[in-house]
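Here this note's numbering is used: the first residue of the sequence shown is 1, the next is one more, and so on.
By construction, these hints were calculated from the structure, which means they are not laboratory data.
Hints are supplied without guarantee of correctness; some may be wrong.
Listed below are the simulated DSS-like cross-link pairs for lysine-lysine, each with C-alpha atoms no more than 25 Å apart in a straight line [said to hold, decoys possible]:
id, residue 1, residue 2
1, Lys-125, Lys-70
2, Lys-125, Lys-64
3, Lys-225, Lys-70
4, Lys-221, Lys-64
5, Lys-70, Lys-127
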Amino acid sequence: MLMLLWTFLAGVLASIVSGMAGGGGGLISAPFFILIGLPPQVAVATTKFGSLGLTLGSIAKFRKTEYVRKDYVIYLSVLSVVAAFIGSNLLLVTNNAFIEKLVGVTMLIALPFIFMKDKGLVSSKPKNFQEVIGYVSYFVVLILQAAFGAGVGMLLTVVMINLLGLTALESNATRRIPGFLLASISLGVYMFSGAVYYSYGLAMLAGMLIGGYIGTHIAIKKGNKFVKIIYAIVVAILGIKFVIG
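Kindly generate the complete structure, drawing on both the sequences and the hints.
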């Protein structure tokens, strides 16, 4: 019972971070599950179960704001459905050590672009070629997120800000519905394969539902500049963590 309480609290903390920054909570939740003895694949799968709470909490807070870019939601949702099937099956057969280092290097390379004057603060219309590259990059990152979880989703925000031209809050809000589809379909594959620890997953889901709502509320209240700073900090921490292991 005590371990379920700790799992709930870890979910609250992880989703507050993710709700504010648009991702990164997996750096807390997946290692937490590994720390208490779950195998890495089960840890990622059970975290995905809990992340349903995060997306629902964030959607509940964002749904009445102007930050959800509906012109992107449908396209990103379709990509999420396809990527979920590919990535979730990869989790069950792949070692993720190399992928983590690759993601870490990519994050650190992308970090300077975050500090460009208007990036993440003012939305812009991408050029056609840039938009195509953005969608392709988003799809690749979605596959990695479904397969390897912890922190990889932050790259989605990198793509949405730098290639699709969204603000920090727009990227945070717009990716939540596609994220819910990704998590739901991936979870279905994990459940079918017996990779989910349900009692911990439910405790994590409850914590993330609350934390996601709180983190998103803070992000909306503080605005794009605050979200951009938190986002940059989380990207730097995740990038270094992935590179050094």
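Hint-by-hint comparison with the structure:
{"no.": "1", "hint": "Lys-125 / Lys-70", "in the structure": "holds (14 Å)"}
{"no.": "2", "hint": "Lys-125 / Lys-64", "in the structure": "holds (23 Å)"}
{"no.": "3", "hint": "Lys-225 / Lys-70", "in the structure": "holds (22 Å)"}
{"no.": "4", "hint": "Lys-221 / Lys-64", "in the structure": "holds (14 Å)"}
{"no.": "5", "hint": "Lys-70 / Lys-127", "in the structure": "holds (19 Å)"}
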